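Colleague: The task is to assemble the complex, starting from two chains supplied on their own in separate frames and drawing on the hints.
Chains as they are written, first to last, in the working numbering: chain A, 8 to 1021; chain B, 110 to 527.
Fair warning: there could be bad hints in the mix.
[What the hints assert, rightly or not] What follows is a set of in silico ranges between Cβ atoms, one per label pair, in the way DEER data are often shown:
(1) A:Thr-884 to B:Ile-480: 22 to 30 Å
(2) B:Gly-518 to A:Gly-369: 54 to 62 Å
(3) A:Trp-747 to B:Ile-431: 48 to 56 Å
(4) A:Glu-954 to B:Tyr-256: 54 to 62 Å
(5) A:Ser-85 to B:Gly-330: 14 to 22 Å
(6) B:Phe-321 to A:Gly-613: 45 to 53 Å
(7) A:Ala-72 to B:Phe-321: 22 to 30 Å
(8) B:Pro-437 to A:Gln-695: 32 to 40 Å
(9) B:Thr-207 to A:Gly-162: 51 to 59 Å
Note that these hints are calculated values from the structure, not bench results.
Just so it is clear, the structure is predicted and the values come from calculations on it, not from any experiment.
Even for Gly, the Cβ is constructed at its ideal location relative to N, Cα and C.
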Amino acid sequence: MASNKKYWKSVEELDENSSIVDTLRKNEFVEEIPTDEFLGDKESLENSSTTRRDFLKYVGFSTAAASLAACEGPVIKSIPYVVKPDGIIPGVADFYATTMVDGFDFANVLVKVREGRPIKIEPNKEAHGTTNARVQASVLSLYDSLRLQGPSLKGESISWADANSQIANKLEQVNAAGKTIAFLTSTDASPLTTDLISQLGGAYTDVRHVIYDSVSESAAIDAFEVMYGSRALPSYDFSKANAIVSIGADFLGDWQGGGFDAGYAKGRVPDHGKMSHHTHFEANMSLTGANADIRVKAKPSAQKTLLADLYNAIVNGASAKDANVAKAVKQLKSAGSNAVVVTGIQDKNAQLLALAINKTIGSEVINTSITNNKRQGNDSAVAQLISDMKSGTIGALIINNSNPVYTLASSSEFVEGLGKVDVSVAFSMTNNETVEAVQYALATPHYLESWGLVEMKKGQFSLMQPTIKPLFDTKQFQDCLLQWNGKSETYNDYIKNSFAGMGASKSWSQSLHDGNFIASSSALESSSEGSIDMSAAYSSLSSTKGSELELQLYTKIGLGDGQQANNPWLQELPDPITRTTWDNYVTVSKVDADRLGIKNWNVADGGLNGSIVELTVNGIPVTVPALIQPGQAAGSIGLALGYGRKVGLKPEMQTGKNAYHFYKDFNSSQSDVSINVVAGTHEFACIQLHNTLMGRGDIIKETNLSTYNDHSLDPKHSWNPVPMVSLRHQEVEATSVDLWDEFDSSIGHHFNLSIDLNSCTGCGACVIACQSENNVPVVGKEEMRKSRDMHWLRIDRYYSHEESFSGDDTFKEEAASGYISTMSALEDPSENPQVAFQPVMCQHCNHAPCETVCPVAATSHGRQGQNQMAYNRCVGTRYCANNCPYKVRRFNWFNYAQNDEFDFNMNDDLGRMVLNPDVTVRSRGVMEKCSMCIQKTQASILQAKREGRSVTDDEFETACSSACGTGALVFGDINDKESEITAMVEDTRSYHLLEHVGTRPNVVYQVKVRNTEV
Amino acid sequence: MKSVKYRSLISKLAISSLAFLFFFTLNLSAQGDAANGKKLFNANCAACHKLDKKLIGPGLIESVGKRSNEWLKAWIKDNAAFQKVDADAKEAAEYSPTAMTAFPQLSDQDIDDIIAYVKKPKEVPTAGVSGGAVAIQSSQADNTLVYILGAIMLVMLLMLFNLYRTVNELKGNAPKRLSLSEQADGVWEAFKGNKFLHFLLVIFFLLSTAFFGFGWLSTVGVDKGYQPIQPIEFSHKIHAGDNKIDCQYCHSSAKHSKMSGIPSGNVCMNCHKSIAEVADNTVLGEKGKEYLDKEIQKLYKAVGWDSENLQYTGETMPIEWIRIHNLPDFAYFNHSQHVTVAGIKCQKCHGPVEEMDEVYQYSPLTMEWCIDCHRETEVDMTENGYYKKIHEQLAKKFGVEKVTEAQMGGMECGKCHY
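Extracted from the complex, chain B is given alone in its bound form (with noise of 0.2 Å):
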């Protein structure tokens, strides 16, 4: 329930609204069109320019406050031309080392509507998140009283009976019963003198412990639902699910390596040098934006970002995180093959990742679990050039059209443990 879904409910509840608007006031739409010109801004603008703090540019809502929107005309549609021709231009261009792109493309039009979308006062969600919230309570409360009804239907089933077994009794149908301590009693003296019975408990016994202790003893190093907290609040969810980021975009290595890799600080840098804040209303557990913009900024003291002055100041610190996935020293695994070669989803192990705000280990990771994939799990031979003549091989010798990775060798000791 993070900053995208809202953003997008958000806009769309603003955009009808002010299609609302604009429909009974036509007299102001000469001023642009809001919501084209916030497609506008995110498409052409939002790499360098936020609205309210300096990026790489400066901030719109300043400039659009200092320039006339003849004079904004001008400098988007070619700012190096009109330099030449308005000293006003050739000091904005002192702003930044940085010359701005030129947008020919961008009809007066399309300025009007970025500018009315940049003038437009910032939009306080309401209804849209109260709704929201609204909705998953209902949802929860539906559930509640499903179990209600199940408990009161239950209560009612042993009344029925026992009001069956009263109305029984007094019509002297039932067999006549013996106190409690008596039945008690006799049981004891059964059960005392079944020397069988003894045996076969002691049996019973000793089997269902060996049992669970072997269980338990089972999961001993197991670490599913491992789930440690990291030195950074990173949600997968935000970026993965959310924002539909794709795994291998931050872990690059798992296509080439043995290892998928932990992202480097600059890889995060990437989108992060001008994403400084999460979304407005984004939260994670009971922790708001105030809070996880602070996280962000740990990233920034980790790689020695100054968000000030938009550069690094080379102090770095390396981020330590917790590893959850962890197989021992004697057991060897490659990424690359079962992401590049198998073509394997990253979910398929480690479970629904771009629904977790905090990762867990998904997978028990023992070796069962690894060899029962490997016993199940054909291999496709039909892409691939290694696998060609071994394909060929086989369809001759045993007529088959598809093996088992354990067929294949997969299950040979050698094969992961040396």
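Bound conformation, chain A alone (with noise of 0.2 Å):
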């Protein structure tokens, strides 16, 4: 039966008599479209010759004649040598050792070279060396288009000869003025560097000397010197320690020159049922602290009473005031020698107090004879250098890698003595402040360009050689000192000569290959001799007194202090604790956001909005965002040094303020702080929309160190359950049940790689290896914030919401509300929560899920273990990337090479070089991912049948695996029955990631065994 039921479009309907209905039913539209409005002046319009077939048929010629122009293929041309250099075959990777030192970062590292082109670092673990974010990236900065590109007098471009000639004719006339030659350079580590500026001190009656370094660990060098009688800072071996007390000392982070990372993570792993203890006292939720088995918050002047009453219970036997002390002191006391407590308090008295408890405690784990030259600054020389300046006493200024009028606090008063100086000269790689200010910019070659001895630790030393012929006219500060010193041979020959007497424990060519060698140090023997009057330190700590509002001054992850600004590997990096990239802002404390209506909040397309703050530090106002930290100590902000740098950047990289303002007497907490909020919102690009584990103990799998060694559990039953499903109506476990057949993967290879959770400290450079090995593009700030990226490897940081994740669990299972209001509720992080890391990349899924659903199997799994992308197959339906339960796919929404848009290295002739030409530049709409660098594996597999012998273990490696200086990524071969990753793989703590999907992942975890109490 037919429906009587009639419909209305609009009320108008109702009415039959209504004109509107009469023209609805004749028009489209109740009101005529304004189409000639529309389209412009009908007058003009009518007027023109150009009649809408002629438009058809101009557009059918010229599209015909493009495709048939298009059918034509380019001519390629293939330009040989003209003569080979012996070494390098094309298409043949070459490494060489050699030795990053910008000043900020000291590693030894192996460098890969194509065809003449650095382009890539990895760590040399034959001289012990690691290396960090920056360090991974630092191979794009020798692509800085942006670089200073020869030598110039006020902006002009000048020839080397006559900026040197002209230079020596002034220091000779500003010598026989009788004013001071002064030098002002960062912490090179080179013996060399100060021997040639201490020889000219033979033509010249004054020259001055001053070490400067931008973030400075001078207090903790004048405390050593006080104790220990030379102007040195101590080395620290963590992997001996089985108590660390840290107060303010982000060890894991930039605190003394880094590189304890290592040393740190082999204590951390569980074995013989041992692992080192660590609690951490500090204001700012750093790297450090978030690794840490118990993190206390204290503001920076808190710190300094915890100190001081942590020095009393050791040193003096009394018992500690505070309860958090009182138990670090505990786990000293039982640790024994084994122990070590380090501060990062900026304070002399506080450096002598921590040198004073080692002392005490008879700690194995500092080392004061065999010194870290990794930070040699001297702040009173500085102080001392700037008023002579004013004072007009400094006949020339040379600076050497050092961009003072950005890093100091007191720039300005810098700036005006530089106006009083003769003669100002800056060598510089980058373009910076620095640089416009001085007469005489002279550009240095980058460190991949240049040849150096560096002594990192007393004794140790290393070379650095060039590994590709300079791309600009630049010449090294040292080759410039030789000539002034009137010797005509260059820096090479002279570090060569000077190997010679060294008495060094292998030949120049072996130590060259090698890239270090041992030999006796020229540096100060250290003695303990010396009274100190300790009680004067102790009161003067313990009486601090504290201000409602304390700003505590940090380096980032990945820009440090802000030399490698213009690289946007770095920028792009998300910072390991707030994930927020491309910007720096005020860490705030959740009581005092709420306290001063600071805000944050996602938008509707997940990107994360704050409020902006008016934050003035000693008289000094600064607008800048503000970013709710969880962990952050009340009455405590955090700002990161490093951003705001102006010149030599292209656009999109000056980003952030320059917090060096604030840095007032080289003191990294300041205590006279005002924050206020004032209007508008600023936009983050942080790329963690969801902060908390929300209970899912399976995604990170936790125990403690009890319960680990607990041999009465079985781990399957207990602290690394199996997940279970229902299968006919029976609980069975989730590795049992198979949709799928079983791919045979026991013939050849079968490739694993193994994450330790408890290893792994979030640092990044796994995920910058992997976006230099990969060719991975930046895509830019905006395209950040709409969760964008493209970084194949992440690493996802969790906290929790109650005081630690097992508090999390009890929570949702006793949950007294409702499902959703205790979901929600779960969704805060703890005032001070634990944190986790989880690096997270394709796991490789023998059932793949991303597989099934490709139309057109432009994803397919190979028998090697590797889940393969081909490029030019995929149409971009993104069906997998939707059917991925780990979320790892990337999609290129856009060409990000040779794009105006994303004007980044990609864009540039310059930037390009450093891609790697055996890993595809990926299309607009391909998708992409992880390999599991199967270009890498396929080298190793090719060399090996290239020789006729099986590959061995350690040859297999990925970016991330080769870049990870703490073992926490391991990868290799499991039908290998002797490899590592066999024996990880079986490990009792491996787990896989969701592993009730039933996807078989060939990337497995370890479970995180933390070393606290139940």
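Modeller: Below, the structure is given as structure tokens:
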């Protein structure tokens, strides 16, 4: 029966007499569409000689002509060498050992060179080298098109010969006038540079050498000098530590030059039932604090009193006032000499107390005879230099690899003093603020184009050698010093000659090949003589008064001190803690945020927005965005140094605000701080929208040491349970159920990657290594905000809702309220949360959900275990990304190479030189993801085939596993039963991510064991 | 049909004619056997001396004209010792900073032979070349004759058929023939009425368009037969064919690298330092010696070789060759895998390069072509230590002796696309 219902489109239709009803019957719209107005001026349109038909003819003709022309392929030229260098075989990579030194980072590295172009930095493992994200990214800074390209005088370029002779003449004049010739250099840890400068003292009467670190460790050096008699830093071997107490020392970051993570991680893996215990007191949530077993929030002033309390308890045997300190004391005492106390408080008294505590407990972790040379700056000498400059007694100032105009808090005074100096010279690789302020700007080569000899630790020398012909008209600082010293030899010869007299452990060629050698050092011996008034230090510290709001300045994993600010890889590297890119910001605690009215919220497209605040420190106001940071000590705020540079940076890289303005007296904590919210909203580019684990303990499996050590427990049914699924109404282990047929991977290689959540510190070196190896594009801040990041490897960071993750599980199970309210409560992180890091890349599932949904079979499974992605086959449906439970597939929304919209390294002839020629540069509209570095495994296999042998275990590497300094990432062939990876896969700690889904991944994780009490 | 073959032909002729001459003029033989002399010259002297031009040492015609035979013998056998006793020899030694190698192994007769060869007037090749040319022409004529004969046969057959039909018609046996237009009208009427035929035709038309269209589209970007004109008229036939230079002498990185490598200028100069011109009678297409000698000069210009003073000037200009074999960026190919590991001959993919004057792309270089080979080719598991373990595992598991590249995983996308 037909329906009698009548439907109306509008109320007008009810009225039969309405004119609108009639109009609507004839026309689509009631009102006439103003087409002519829309098309512009009606008259001129009518008078136009091009009719519609003509227009279509032209379009048709030009399309046909263009497509016909496109049928002819381009003529490609191949240009061979005229004389091929002996060592180079086109298509085969060479590796050179060299040393990365930029005054902030120091590392023994191996450089992969293809046809004369360095394309990748690897750690030089034979020389115990480790790399952080900045060292990995430094290869791109070589190809920075905004580098200084030649010498110049007041902005006009001149020749090196002219520059050198003019400067030499002026130095003579300055000397004749009885003024001082001052050198201001960053720490380069090279005894030869120091020698060359002091040799100038022969020709000139008053030569002064001031070493200046942009981020200073001068307080620690001063304290060491008081106690041990030489200006140096002690070295630490955290692998020997059973108990570590850190008060504000971010030693997994850049504390005292960094490089402690490998030793630290060694002690963090439960070996024979033992692992180190780490207590951490800090204001900002740092990488180190996030890895600690016990993290205590303490604002900078509180840190001082806590240290005094600790000192009093250990050295004077008093009982600790603070409960957390008492626990730390207990840990230290039980560890005996395998304990260490470190502090990052920029105060000589604090550093003295820490040294005294270590001396009292007889710490074997600290080594005061093999000193650490990575920071040598002297704050008081810098301050003296500036005041002498202002008083006019400095005749010449020669700056090397330092940017004081940007990094000094007293920058304006420095610039004022610079005006009174007769000759000012800056040797610099980058174009920066100081280069603009001086008379002579002299371009120096990148470390990959330079010779050098570095003594990172006393007696442990490293060699630096060029791996590419200098790209620009550059000269090394030391070459010029030699010239001014009246010597004709090059710096290369000078190094060789000096080497001959050093009594090295190896020959020159062998040392150059290995990148390092051992020799006796010319540095001063440290002695433990002298009486020190420790009680004064103690009382000054214990009587510290805090202020209501204190600022703790810090350096980020990405930008560090800011010299590599024009490096888009580092700008786009998500901060391991906040997961925010392309920015610096004030981190505030939830308590303070609520008090001050600071808000963070996610908008509809997922982007994070935040309030903007006016931050006034020592009377200097700056407006910065504010980010609410779980774990931030109430009454303290954090701000990263290294941002806000403008000179020598592409517009996209000019991000953040300069925090060096607040770095008064080289003190990273400042107490004269006020903050108030101003109008406006800041758009962050934060790529992790969800911060808590929501009690999903199967994603990051955790246990504590005592449970792990309890051998009466079966791990599979206690702390590392296999998820259960229902099969024919019976609960069975998920791993026993399979929808698909098993792949047979028993013959040949079967690659697996193991990720140890215990030794992963979250440092992000692997992210940059992967980006560098696999030509991963940079997408820029706007795209990052839209979560269109292209990193093949991400490091998820989770906070707990309760004090610990196990507390979350209990909270979820015992929730009294309803499910929704429980879950929404779990979304908020705790005031002082536990933190977990989890690197996630393509899991290379043996039963991959992405493979089954691809309509064009662009992604398929290889028998070596790799899930393969054929870019040229992909049509961009993105079904695979939607079906991936791990969300590791990345879609090319745009052409990121040679596109002016993305003006990063791939849009730059020089920047493209860093691309790996063995990996395709992906085009718009295709999906991409981690390939498990198939180009590297294939290369290793081919090498073995050519040599007619089987592949050894250590030959298989991925970019991430090779870059990982802590050994958290282990890659290998599980068909080789002797291999390290086989042992890892069969370990009781191993589990797969989202095992209940049944994807059978080839990436395994190791359960995180925390050294906490139950 | 290049230099060396001719030369051998010429030399054979020369040798036989000379032998003939010697047979009748024994009294002349005391002066030396020029044929043996040539052999000795090529083996011992040619690296540093030419006959009429200076190379590292002076042109020999000039030297032999200047010096007596006895002087030459003493010089050749041990010039260092001879310099001490002879003033002329001392002066001669100043010709070049490089001292001449001593040849104590040459007997007086050998040196006489060499001198005889040097003094002998250059032969003008006549009979041999024209003979060769005639041979080529006659072989071409043979083919033409076959075609002509075939054509005549065809015409004869057609005539026979026509005659047979006419005879039949005259006999009155044949059915009545409709006029041509009548026939056509009938067919057209039938066609117009047959809807099914229309349908079939349309289907046929569409299918064939699709078939040929697809076939044509698949050829887009396939450059089989691509033969660009190179900046230097370099003949692989002369080098790899006639002179039998190994492919990997010049393309040396094929063993080690993913690229076979275009030889750098200094590799060319290993030989061309002493080969400044092509052999007489070398012909490349329509271009003769005069043209080809200029091509060698192009090489000298590129590497900066001053062929007059025999030294490098340092002014170089790389040669911009036109690339023939070009895989797209997304396809990874490694020469060393195929050349060193699999031991495949270069010709398998590049075709008979030793017969090509101007190289062209022999294979289509399509993925189908790659895969076809991977499907069929069996991996040799016996020699290579890498495959030993895999072979044992395979043999144990499947009881197979041989596996193809495809079974080894050589058809997986990710092996070539990453």
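Colleague: A separate judgement is required for each hint: does it hold in the structure or not?
Modeller: Hints, verified against the model:
no., hint, verdict
1, A:Thr-884 to B:Ile-480: 22 to 30 Å, "holds (25 Å)"
2, B:Gly-518 to A:Gly-369: 54 to 62 Å, "holds (58 Å)"
3, A:Trp-747 to B:Ile-431: 48 to 56 Å, "holds (50 Å)"
4, A:Glu-954 to B:Tyr-256: 54 to 62 Å, "holds (57 Å)"
5, A:Ser-85 to B:Gly-330: 14 to 22 Å, "holds (19 Å)"
6, B:Phe-321 to A:Gly-613: 45 to 53 Å, "holds (51 Å)"
7, A:Ala-72 to B:Phe-321: 22 to 30 Å, "holds (24 Å)"
8, B:Pro-437 to A:Gln-695: 32 to 40 Å, "holds (37 Å)"
9, B:Thr-207 to A:Gly-162: 51 to 59 Å, "holds (55 Å)"
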